[in-house]
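Protein chains: 2
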Amino acid sequence: MTPAFEALQKELKRLPGVGFRSAERMAIHLLLEKPEAAKRLSDAILSASERVRSCSTCGNVCEEERCSICEDVRREESGSLCVVEHVSDLMAIEKSGAYRGRYHVLHGKLSPINGVGPESLNLSGIAKRVKDEGVTEVILALPNDVEGEATCHYLTELVESDSVEVSRIGFGLPSGASVLYADSGTLKSALDARKRY
Amino acid sequence: MTPAFEALQKELKRLPGVGFRSAERMAIHLLLEKPEAAKRLSDAILSASERVRSCSTCGNVCEEERCSICEDVRREESGSLCVVEHVSDLMAIEKSGAYRGRYHVLHGKLSPINGVGPESLNLSGIAKRVKDEGVTEVILALPNDVEGEATCHYLTELVESDSVEVSRIGFGLPSGASVLYADSGTLKSALDARKRY
Ligand SMILES: [Zn+2]
Ligand SMILES: [Zn+2]
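Protein sequence lines correspond, in order, to chains A and B.
Residue 851 is where the first sequence starts when you use our numbering, and the numbers rise one by one after that.
Residue 851 is where the second sequence starts when you use our numbering, and the numbers rise one by one after that.
Fair warning: there could be bad hints in the mix.
Note that the list lumps identical chains together, so a pair holds whenever it fits in one copy or between two copies.
Derived DSSO-like pairs (lysine-lysine); straight-line CA-CA distance at most 27 Å [as the list claims (entries may be wrong)]:
hint, residue 1, residue 2
1, K863, K884
2, K889, K863
3, K860, K945
4, K884, K945
5, K889, K860
Worth flagging that the hints you see were computed from the coordinates, not collected in a lab.
Note that the structure is predicted; figures quoted are calculated from it, not measured.
Excised from the complex, chain A in its bound form (with noise of 0.2 Å):
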């Protein structure tokens, strides 16, 4: 409602998965019901900002050169690496403690659409990853919608060979849930991923 209140709501807005009210509540929040945070997220935004970088193997948050996944070398053991989208889809796994493997994180799918092409991805030292690390097998852990498809198909033809083998995450019903409450996709994805009982 005054300029400096509706700059800083617009920034907040930008957030992912803040909309217009929730980042009208955030500024209320940091402007008058907790003036005290409102410093202490600024320090820690700039922070971060400075320390926090991109792991130069994996696309990682780290804050050395390489993050603390690329450089434990039992790691390196299983030949696995792990495809994802994004850094939270990693932290993800990691906290699941369902693999013990590497990961490559693109940072985005491909979208031809939207201008993503394999360029604006972290994707070109994968090839060269794959080969120097002794990987055995890539497994795409990348959504099931189009642009994930997309992807796991060029992903597929740059990585695969008589010595690296190409494997996609299961799709289907999750741990859980009820066929009743299942959407169309989810149960589509689910029959065609069917086993033999």
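For this one, chain A is given, so just place chain B with the ligands on it according to the hints.
Showing chain B with the ligands alone in chain A's frame:
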């Protein structure tokens, strides 16, 4: 995943409506995906923190001593003072165009369990405002919960007189909503608020 990353995520998570996952997503966005947005957001926070303050009369956001609503003499003509919990409530009512009187923002509601007494709210000036500004109706636009109820009782005792009527906004089924999908609390309010047809 790095100390500076986690510090930023923690500050983002303090924003209203932001959980662990969305804070992580926001931090990745600011640090890796749109680094130019990080500087812009941090500047917007600092600049707004310096300029925006609480209106000394009503508690709305402003960059002067008093907000544009309190400075607008036509707003006084209606004789109405609308009491809201948060500035965002004021903004929502303004956007609806359904009210053209003045406001008083409490910045919270009474909650003895959480240690929120009258002294923690923007309550001190309200009785004086009602007298000085010739208010004839105080409209309580506070939430329909135990704390909203307690705050309404407190305010009524504070401002009601022979020349001042206190009213509370109506509760019931939202515009366009169906009885089928309304929760029990809403249905109870809607039934309690029934009118002869
Ligand atoms: Zn790395
Ligand atoms: Zn005001």
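Status of each hint after checking the structure:
1. K863 with K884: So K863 and K884 pass the 27 Å test inside a copy (19 Å) and across (14 Å) alike.
2. K889 with K863: both (19 Å within a copy, 15 Å between copies)
3. K860 with K945: between (33 Å within a copy, 17 Å between copies)
4. K884 with K945: Between copies, since 25 Å is at most 27 Å while 31 Å is not.
5. K889 with K860: Both, since 18 Å and 14 Å are each at most 27 Å.
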